[in-house]
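Student: Protein chains in written order, with the UniProt record's numbering: chain Y, 1 to 293; chain X, 1 to 315.
Simulated from the structure, these hints should not be mistaken for laboratory data. Hints may contain errors.
[Claimed, not checked] Pulled a few chain Y residues facing chain X out of the computed Cβ check, cut under 10 angstroms:
#: 1; residue: Ser26
#: 2; residue: Val182
#: 3; residue: Ala185
[Stated by the list, open to error] Sample of chain Y residues lacking proximity to chain X, with all beta carbon distances greater than 12 angstroms (derived):
#: 4; residue: Ile37
#: 5; residue: Glu59
#: 6; residue: Arg88
#: 7; residue: Ser95
#: 8; residue: Ala104
#: 9; residue: Leu129
#: 10; residue: Ala144
#: 11; residue: Gly147
#: 12; residue: Ala184
#: 13; residue: Leu200
#: 14; residue: Lys253
Note that beta-carbon positions come from the ideal geometry of N, C-alpha and C, so glycine has one too.
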Amino acid sequence: MTAPSPVSSALPGGLGVLRAAFGRPSGAIAGGWLVLIVLGAIFAPLLTPYAYDAQVLKEAFQPPSLAHPLGTDEFGRDLLTRMLYGARTSLSVSSVSILISVAAGMTLGAAAGYFGGFFDRAVTAVADLTWSFPEILIALILVAIIGPGVSGTMAAIAVAYLAQFARLTRAQIMTLKAETYVEAARSLGAGHAHILFRHLIPNALAPVLVSAMLATGDAIILEATLGFFGLGAQPPTPSWGSMMSSGSALLFKAPWIIVFPGLAVATTVIAINLFGDALIAALDIRDKLGSKP
Amino acid sequence: MSEPLLVVKGLTKRFMTGGGWFARPRSMTAVRSVNLTVGRGEVVGVVGESGCGKSTLARLILRLIEPTEGDITLGGTRLSGIGQAELRRERRRMAMVFQDPYSSLDPRYTIAETLAEPFRVHGLPVTQQAISGMLEAVSLPASAALRYPHQMSGGQRQRIGIARALALRPEFVVLDEPTASLDVSIQAQIIELLAALREGFGLTYLFISHDLGLVRYFCDRIVVMYLGAVVEVLPDARAVPRHPYTRALMDSSFAPDPKARREIAPLSGEIPSPFNLPPGCAFAGRCSRAVEACRSASPPLTEEGGHAVACFNPL
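The shape of chain X in the complex, shown without the other chains:
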């Protein structure tokens, strides 16, 4: 791994809910002491099923949500702990592409106004040429500038979302399921575009997805999350998973070749409630390889040659 750009240490987010007149507030841990390092120029994927905290993690790293505990450092600047005014200046260095290309663009803004917004927010001048250049970078015609979002397709809107994220030439971009709302044929185009832009602008990506197949295709390293905690870090896309949960995730992704398909053992059992986590490994209740220790103690994330896994009985 190259020089680290993003270093996350012990990042934790607890949400407090409820707390009415007669109910005690309950705390829900969405993200549990996550450690994460992303090297400059790297693409790191974060996978996990719905509700595992991967989108929360993305927002915590960009401080769109305030973390409960933990440290975030981006290129030598500590993001956790700085004031709002300073944070807003630092936002030029980071950006986010959102999942829903329909609600991520203000319906009242023309495309030109949407693309000018990052500059206006920071009081920077913006020219027609800059807007055309941004559109060209995401393979849209300059004539798109005068259109409104409702006149564009989902794929085109997502290209606008990407162009806006890259407007101020950030170093670090979080991609929060950027293709999840798009047709499969459009997904491939967006992934190709993201790969080309990464080359062109020397970007570093944190790619959030629930699609392990896509993550293996696109990412250099893969972080697997389960119930708010990192359970495995795969050092490369082809690494063989060692955590039973990662194994199950891979088995559940669909192989296009019918001969390659095999019987899969679907996961049984329910995800434990994040309000009331059982002692020990959060996955133990659904795991076929669980041993006695799994139900009493939480397995630590231990690394071996870049491949980290949190399991007492790994594959």
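This is chain Y alone, in the form it adopts within the complex:
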């Protein structure tokens, strides 16, 4: 047997941490709900007999019933079906955009924190500048430039959260690079790549991943907001935000059209935050996560 590779230790006990997070009552409920939503999104075609874009105009505005558990919308489309397919849009757009944001933010933040100097000052200045605008404003400006649609929304959300991950990673790397094991690696002849990828980034990963998880919750709201304004996924592709948008005009005539997608957004975001809290407690990293004012 050869010595285990250092890469395999990037997250020792990763499963143990998840188990600990699920071990807390709030973590178990929140985690269970998230698993349910994800499964519902994945197996949407198997769970419902309707198509998300099948219009049956004579069945429009039906309140919840056995045939349509969450009722139908103004075009007679089954609301549950659209919510399940909408979960696909909401979850994939928010998680993919946060993934892009984390990858780019970590790269920038790690390079800035490790190498310092002019590059660091430039990254920090840009990050501070974007930090001073609300995410929704940045996202709206970007969608206006790129144009509405799924890819525009993804890019907008990714850029809106970039500064957060760059700053967090930079702060982590700057603390960690003063550790003696970094100097020890250097004294052994290690180069920058080895120190960054084998020591600094693995040690900086946990708080960044948890903060990414929490940001995914915010990103779902941001995606819904852009959808509500008609800037997100374009019809007939359902998204929770655009469903609420069409329901807002019919608030008193057919309240279920706006209430159920709204509940879906709220419960999902709350569940992500609760589960993120459980992860923070399980990893014991509360002090490492700066909170945004």
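With chain Y's structure known, arrange chain X on it following the hints.
Tutor: Just chain X now, with coordinates in the frame of chain Y:
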């Protein structure tokens, strides 16, 4: 002294600090024109109080910090002036054991991964047998390989630090206060281990410490530093100090025998700020033997039979 392995000439490090919008940058000389020769197989101790530049000197010699001036030659290879890529290859010949055994091991690495790191850095193959052999050399069981640092005691961690330093069979090892963070009982074990390893692997040590008693026990020659400069080089552990500062250091170390204890004259006065050194001898302000010349000129380090001292009025 045998054939010299390490030759250091005129090594100087100035740190620039401050320099904001309205403040002028200030320069602080941490190490001032240090000359040092370490023979192959020798153990040379460097002592001095906190902040005298001994740890900076250690890092300068290994080029973990870039020197401002001076030459470093290790076994015929000039370390100062070579490029980073070449320096990284040369690092196989030198190693360092760090003071803090808690932060010197990556908490995410198992002991096996920590010990494999020197080989991976240089693209060398590493086997389970090699890891077990390294653990055995520092008297740890082979089962320690699968543990994480947080599962080990300070003494065990320091043994890992030593094993890692010796992994690539270096010729020259800098020991930066390797026992300062450990309990006294563990200190003795680590010193014994270091002595045994020196025999076994034919190592040369530069031993940095603030504990003159320990240095006198362990080292062949002793270099005394004060405010970044060498003030005295004792040719052997039993040599009688001639510099008043060395005298004061020795008086302040605690003798275990109560009868041997005597009244000591504690040093009065403050260490001068390294940002603003007074003219003349840096120790003059605290020295009971200071004469007129001490306050105007810096005494040169003059050698007599291997015993060098930088003082106008030595003991």
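Student: Hints first: check each against the structure and report whether it holds.
Tutor: Okay, the hints, checked on the actual structure:
A distance limit of 10 angstroms between C-beta atoms decides the matter here; for Ser26(Y) the minimum to chain X is near 28 angstroms, and the interface restraint is violated. Of the supplied interface hints, the one on Val182(Y) holds, with its beta-carbon coming within about 9 angstroms of a beta-carbon of chain X, less than 10 angstroms. Annotation: interface hint on Ala185(Y) holds; nearest CB of chain X at approximately 7 angstroms, less than 10 angstroms. With a closest Cβ-Cβ approach of about 32 angstroms to chain X, Ile37(Y) is found to remain outside the 12 angstroms limit, as its non-interface label requires.
The Cβ of Glu59(Y) sits about 58 angstroms from the closest Cβ of chain X, beyond the 12 angstroms cut-off, so the non-interface label holds. For Arg88(Y), the shortest C-beta to C-beta distance to chain X comes to about 36 angstroms, beyond the 12 angstroms cut-off, and the non-interface label holds. For Ser95(Y), the condition that its CB be more than 12 angstroms from all CB atoms of chain X holds, with the nearest at approximately 26 angstroms. With a least CB separation of 24 angstroms from chain X, Ala104(Y) remains clear of the 12 angstroms interface cut-off, as annotated.
The Cβ of Leu129(Y) lies farther than 12 angstroms from every Cβ of chain X, with a closest approach of about 20 angstroms, so its non-interface assignment holds. Taking the minimum C-beta to C-beta distance to chain X, about 38 angstroms, the non-interface status of Ala144(Y) holds against the 12 angstroms cut. Listed as a non-interface residue, Gly147(Y) keeps its Cβ farther than 12 angstroms from every Cβ of chain X; the least gap is roughly 43 angstroms. A beta-carbon of chain X comes within 12 angstroms of the beta-carbon of Ala184(Y); the shortest separation is about 5 angstroms.
Some Cβ of chain X comes within 12 angstroms of the Cβ of Leu200(Y); the nearest lies about 10 angstroms off, and the non-interface call is violated. The non-interface label for Lys253(Y) is consistent with chain X: the shortest C-beta to C-beta separation is roughly 58 angstroms, beyond 12 angstroms.
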